[in-house]
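The chain contents come next:
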Amino acid sequence: MSRASKADHLRHVMETEGDAVGANTRGFNAGRYESVAKLETYEALKDRAREIKADAITRLPELIDELTETVEENGGTVYLAEDAADANAYIESVCEGADRVVKAKSMTSEEIDVNEQLESRGIDVVETDLGEWVLQVADAYPGFDGDPSHIVAPAIHFSRPEIAQLFNDHFEPDERLETAEELTAFARERLGELIEDADVGMTGANFITADSGTIATISSEGNIRKTVAVPETHIAVAGVEKILPSVEELQPFVELIGRSGTGQDITSYVSLFTPPVSSPRPHFDEPETPLAGDGSSREFHLVLLDNGRMAMRDDDELRETLYCIRCSACANTCANFQSVGGHAFGGETYSGGIATGWEAGVHGYDSAAEFNDLCTGCSRCVPACPVKIDIPWINTVVRDRLNREGDPAAFEFLVDGLSPDADEGVDHQKRLFGNFETLAKLGSAFAPLSNWVANSQPAATALERLVGVSAEREFPPFQRTTLVEWFAARDVVPPLDPDRKVVLYPDLYTNYMLTARGKAAVRTLEALGVEVLVPPAPGSGRAPLSQGMVATAREKAESVADALGPYLEAGYDVVVIEPSDLAMFREDYRRLLPEASATLFADASYEILEYVYGLLENGADPDALSAADDDGRVAYHSHCQQRTMGLEPYSVAVLEALGYEVEQSNVECCGMAGSFGYKEQYYELSMDVGAELEGQLREIDADRVVASGTSCTDQIGDLLEEEPTHVVELLDPEGRR
Amino acid sequence: MAQQQRDVDNVETFATQARGYGVDVSRHAPEEVEQAIAERIEPPAVGTSLPWEDVSLPPAVTTDPTTGELREAVTGVTPAALAVASYGSLVLRADDHGSEPVSLFNDLHLAVLQEADVVADMAAAFTWFGEELRETRDSAIIATGPSATADMGALVQGAHGPKRVEVLVVT
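Taken in order, these protein sequences are the chains called A and B.
Start counting at 1 in the first sequence, then tack on 54, and there's your number in our numbering.
Start counting at 1 in the second sequence, then tack on 1404, and there's your number in our numbering.
Note that these hints are calculated values from the structure, not bench results.
Please read these numbers as outputs of a predicted model, since none were measured by experiment.
Possibly wrong hints are sitting among the right ones.
[As the list claims (entries may be wrong)] Covered, in the sense of this in silico footprint (three residues per stretch, anywhere, with C-beta under 8 Å from a C-beta of chain B), are these stretches of chain A: (1) 232-241; (2) 298-305; (3) 316-329.
[Claimed, not checked] Pairs of lysine to aspartate or glutamate, DMTMM-like flavour, derived with a Cα cap of 25 Å: (4) A:Lys92 to B:Asp1411; (5) B:Lys1567 to A:Glu250; (6) A:Lys92 to B:Asp1525; (7) B:Lys1567 to A:Glu236; (8) B:Lys1567 to A:Glu229; (9) A:Lys92 to B:Asp1428; (10) B:Lys1567 to A:Glu232; (11) B:Lys1567 to A:Glu243; (12) B:Lys1567 to B:Asp1511; (13) A:Lys495 to A:Glu528; (14) B:Lys1567 to A:Glu247; (15) B:Lys1567 to A:Asp228; (16) A:Lys442 to B:Asp1525; (17) A:Lys92 to B:Glu1416; (18) B:Lys1567 to A:Glu235; (19) B:Lys1567 to A:Asp251; (20) A:Lys92 to B:Asp1413.
[Stated by the list, open to error] Distance ranges between label pairs, derived from CB positions: (21) A:Asp228 to B:Leu1559: 20 to 28 Å; (22) A:Ser174 to B:Arg1410: 53 to 61 Å; (23) B:Ser1430 to A:Asp370: 53 to 61 Å; (24) A:Asp675 to B:Leu1559: 51 to 59 Å; (25) B:Thr1531 to A:Glu353: 30 to 38 Å; (26) B:Arg1410 to A:Glu94: 18 to 26 Å; (27) B:Gly1424 to A:Met364: 41 to 49 Å; (28) A:Ala91 to B:Ser1460: 43 to 51 Å.
Glycine included, each C-beta is placed from N, C-alpha and C at the ideal position.
Model the full structure from these sequences, guided by the hints.
Now the structure itself:
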């Protein structure tokens, strides 16, 4: 899709569905925070859940055999389907002679498009989940999008009045339907009748236990129970990754799945069916027949679907996708998803952050390519994921693989030389942002001329046309004197016997553009009795990593290790201002550097306010720093990756210790997310995400706004038309800015 | 004594949690249960016989119903095999009497629960499930509150399943 049509598509989705999707996903996300906070064992349960999944996927072939034996022992049949066509052919053979199949909601059945397949054979297929049924009705209506927009709540893109209009138009009820109660009662009645004489009930499975053959499903409506209770034949369609070794291992998932997804401590029904279910079948066509009986006429077929999963299991980077329990936390917590929903942030079947892994694995890279760029790597989904999947990493890997298939077209002259050989095939826009370090060096060397040129109308137009840099955005000004140069030229005697020794990492933004915060950090640390060095050091690799240029990022990481390694070995701590670079040192270097080196970085690196907090806690004198005066009400926007690392409380605590009254924003991301908001095709989405933050900051209406990240600073500057400062600039002993 | 106290504590936690979902929980001596059920049903009512000798269903509840009687009923009465205190959840075990449909198809579900069958948490519940399901290959539902949906633009209680749930705890 071209950049212009991408922008058009996003704009359309935001205009038509943005409000409904936003209200629902933000509601789920707020519910998640509330619900997991009540669970004392939350972190331990997540660790346990991950451990169980990791073990199950490792032992998968053996578990498939065990489960097959168990289900057959129980009186059911297992069919291991290689792909969608294979699964559909089998399901079709089971449904031979059936008039109606009633379905419980199942993503896996959508993955294989089984509805279309059965309908083409003249079978009536009815979705009984109310959301899915709304979509089924909508599918036939122009102006209504019948594709799911969310993996758990598939119809969240419709508002209540839209559903009412749809039902009134389609069913022409005697009394017009209006309220949610009326719509629900109507659907219950209608679907109840369709279930009564259905021949086949088809469900999915959230989990299947190999030891007992029990299928666990999670629902609130009760439609899954009816789908299993009534028809003579039960078919369950499930990916092979759903198998767990034993019943006991369901426990952490049952406690986590509802909380993580829609913010419910538990949903109304967790069904533990061990099919064929030995409960009597109500025969609605024979009302005089007693209900009691053993249900022994029931047939059960378990269709276990591979469809690329065993290959994912063999893929070291995609394997963790199979741990996914499809709770939707990664969608609800994602700022971009909150704005556009699954119709933009999704592929053929799956949507949200983890969908990149699923789509690449089951439908192929083309399907993942449609939306992969919408993951900005902000990492807010990482602490939300109940099985602790590194979802941004899966997005990065898929982006990297997509880059390598890419076809660099025209305009080589502009970006040639920006990209080292490590990542050939990357498109120009990604190369430009991925090689920000080269740009920053040039920009600084030619400042202020470069600032005038970069923000001049002709340059802005050219940048937008050639590489897709939004003309709406202004580049932050490059500084002629870098932080490293300023530091080297200073005439300051270092303390003789310092308590701590620090290397302040000159990240690209602090070194070339936002030098004021770097200078403030140096003076703050020195005032607290620390020896500070600011040696030259290369970019952390964050910029290329965010563009899916993994090889270039690895080269950067290795250069940083070369530059800072000797200091680390000499006992220096590394203090970092830019949270996205700190996240590289603490988290991403595990993927890029040898283990010993990565551990050294992770253990010795600190965020600047985290470090100041530690110094103050250990007896440093806060009076050495600037304090609040009568303009002490501060609105603070933390940085997405900073929050994922759990570091924003330090900024708040230090500000409060210095007499500030701090109010925080609670949006997941500012919307800029590194280079994302600079890209022409994502500018409007970025501003839409930012609008949420803007609203909060205006409501707080503080004396000043402070932020921790560069892109947040740029975005807030564009939103409020006033650049916020970094927290450390309020501490500067030489006076606040 | 200690065990009895734990049971009482569990029931109290269970009741508090279940009430959070709009579930009414009341406690009764075994001989009072029949009357308490009679007071709470909305006719017509169907039920599955209770597996405890000292507790019985009132005559107004049709036991061993036909499918037609199930369809016409407003209230369904079933035993609950277990309850999970920390979640306010009931464990409804599928049986040959039809407890699964009887607890599902009617607007009001009355569940009868023994005080000693309330376990503290999910870990305890799944220890029980593990043993039971491996051994019997039965099915069970962990039911928390009435059925519900938010798919029609607002939270509505009573989707495909019951609109209201009440629990009678036998002391």
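query: Is the straight-line distance between the alpha-carbon of A:Lys495 and that of A:Glu528 25 Å or less?
result: 18 Å, holds
query: Given the proposed pairing of B:Lys1567 with A:Asp228, does the C-alpha separation stay at or below 25 Å?
result: The given pair, whose Cα atoms are some 24 Å apart, holds under the 25 Å limit.
query: Taking only the CA atoms, is the gap from B:Lys1567 to A:Asp251 under or equal to 25 Å?
result: 23 Å, holds
- prompt: Is it true that the C-beta distance of B:Thr1531 to A:Glu353 lies inside 30 to 38 Å, as the hint says?
  reply: 32 Å, holds
message: Range first: 53 to 61 Å. Now tell me if the beta carbons of B:Ser1430 and A:Asp370 are that far apart.
response: 57 Å, holds
query: Are B:Lys1567 and B:Asp1511 close enough, with their CA atoms no more than 25 Å apart?
result: 5 Å, holds
message: Need the status of pair A:Lys92, B:Asp1525: alpha-carbon distance at most 25 Å?
response: 14 Å, holds
- prompt: Taking the beta carbons of A:Ser174 and B:Arg1410, is their distance inside 53 to 61 Å?
  reply: 59 Å, holds
task: Hint says 51 to 59 Å; check whether the CB-CB distance for A:Asp675 and B:Leu1559 agrees.
output: Since A:Asp675 and B:Leu1559 have Cβ atoms about 54 Å apart, the given range 51 to 59 Å holds.
- request: Starting from B:Lys1567, check that the Cα of A:Glu235 is at most 25 Å away, please.
  value: Within the cut-off at roughly 11 Å; holds.
- prompt: Are the Cα positions of B:Lys1567 and A:Glu229 separated by 25 Å at most?
  reply: Answer holds: B:Lys1567 to A:Glu229 is near 22 Å, not above 25 Å.
- prompt: Does B:Glu1416 lie within 25 Å of A:Lys92 when you go C-alpha to C-alpha?
  reply: Given that 25 Å is the threshold and the Cα spacing comes to 18 Å, the pair holds.
Of the numbered hints given earlier, the model fails none.
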